[in-house]
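Trainee: Listed here are the chains, written in short residue letters.
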Amino acid sequence: MYRYDEFDAQIVRDRVNQFRGQVERRLSGEILEDEFKPLRLQNGVYLQLHAYMLRVAIPYGQLNPRQLRQLARIARDYDRGYGHWTTRQNIQFNWVALKDIPDVLDLLADVEMHAIQTSGNCIRNTTTDHYAGAAMDEVMDPRPWCEIIRQWSTFHPEFAFLPRKFKIAVTAAEHDRAAIRVHDIGLHMRERDGVVGFEVHAGGGQGRTPHIAAKIADFVPESALLDYLEAIMRVYNRFGRRDNKYKARIKILVSETGEAEFKQLVEDEFAAQREAEKIVLPQAEIDRIHAYFTPPELAEKPAESAAFERAKAADPAFALWAEANLHPHKVHGYASVTASHKPVGGIAGDATDQQMMVVAHLAEAYGHEDIRVSHAQNLILPHVALDDMYDVYRELDAAGLATANESLISDMIVCPGLDYCNLANARSIPVGQAIALEFASLEDQADIGQLHINISGCINACGHHHVGHIGILGVDRKGEEFYQITFGGRADEKAAIGEIAGPGLRAEDVPSALKRVVERYRALRTEKSERFIDTVERLGTEPFKEALYATD
Amino acid sequence: MTSVRPKLKPDTPKTVTAWETATGRVVYMTADHGWTSDPTELGVFTGEAGDEALAKAAAQEGIVTDPYFMEVSADGAISGRETLRETIRAVGPTTHPEFSRAETA
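Residue numbers (the working numbering), protein chains in the order written: chain P, 1 to 552; chain A, 1 to 105.
Hints listed in this document are in silico derivations from the structure and should not be mistaken for laboratory results. Where hints are given, some of them may not hold.
Here are the computed lysine-lysine pairs in the DSS-like style, where the Cα-Cα straight-line distance is at most 30 Å [unchecked claim]:
(1) P:K99 with A:K56
(2) P:K245 with P:K215
(3) P:K37 with P:K245
(4) P:K478 with A:K7
(5) P:K245 with A:K7
Owing to the predicted nature of the structure, the values given are computational and were not obtained by experimental measurement.
Generate the whole structure from the sequences, applying the supplied hints.
Mentor: So, in structure tokens, the structure goes:
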């Protein structure tokens, strides 16, 4: 992974010292909240329902064990013993006192981490496929370009005060696991005649007006990528609306301008860039960045592991887990492991300090010191030998991280909702817990197959409800929580916005209503391999709407 | 800056709530314009007394952040349209009962 050079380290440390001074002045009353708020937000500090929340950047979701241990220490010493993985592959701490945050930032700086640009109207953490560098189906590793984008976008003075926040995602696999089409800019890496380049999508997003991004370029060669991104950003900076925050995201600009015209504006801006403005990345620099992402040296192994097969035959729970939570690796004899942070009835995405320590240990002992945070709020060990898998499973299981449910019905994306969030209208986590308990049997979940339920506690859609196969949106109706259901959303290469089923349901009615929907799906699917989303695609949403509102 | 919460009529019983600046802890104004983290000790204000309480809170920005009116009943219980939000804010996340005020006090 990328390592800080002396300049990176100094800049981050200086920033901590600068923020320490700002916090001291805030606490002494020298500066007031109106002045302080933009300063704290630039350092990832929010004020939430119960306390300050600190959002820490995890570039493209990659961590090493030392960093994860430091996050565990922060959770233990400065929070209440846990953190929360986010859909931007970051972590949030929910209970950090403002007076302690400079110390926390110092601890982060010790392990080459920070919280800069995790808030505010700037370019946020660039996200990617959580199996990057390991997935059998990727054409190349997207992380070096995520890192180049990170370096370009960090402290970029032209893009520090955009009309609104801005999110970029990159994938290098045909099957999109990074949800690029619901990002402000989505990049799909491809290779054409030996040249690496990017298919560029722009104007995707969720929130109150969800949009699927428009494809605005088929192939931008890597040598021109940053200039092309700058052209998009400049068009957005110039024409994006600043008069209404609800219409300020680039998705509104693309939609109101029209895809063809927006594309032309970008092309014109790109063409107008003067030679002196062009960002010339020397090949040596590109190579230097790529060198940080050299794949681990994995010993050659047969595709099949006798130890792995024996353990599966002897332990059905392990076999179930292996079926659900392992992803094919590009090297024979290895797999990428999902450490599920979705225990049935537990809190989606929460990790205790002890769980973090366990995953850090496993990454060291079995995983080539590589850990990823997925946008679905789980941790991944991307490179684990099948021979070691049973040992890894048992340690994860002992730590409560081995629920066999990756991409199954209880592997929900869930925003913090009204239990934490100052913006939320309704609770999200308890609804997710109740649904998971309704479908508690892991064997049953395996039979249902892939089904993404995403839950948001308000229209801002932090829980990605628009692109859940089943989406759930919490709304407030005269002080009471109701939940609006959508069907048919998806975040992959066939990205689509879910269709609202009808009137909202009371929280207590949601699990049984979804049970009816799932039973209807089971009755309608042509075979077990037809996923819920495939059945919706084949038959439309009507049968599921009917099941949702049917009375038992 | 005061949080954007629903506007309350002058004669609606209310208190002033905010966050302690140093810690982020939720606090409520007491009848004598001090601060408490215990919602059972909050002061109830109406009319001009409410405006005066909010103005006093706003003047204490080093100590508290984002003060705003919260609707309560005449005896100081959380009430009105924001009851659920304010109850969760007062007690703690419903998903972590071990962190509830009663447990952590």
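Trainee: Against the structure, test the hints numbered earlier, and report the numbers of the ones violated in rising order.
Mentor: none
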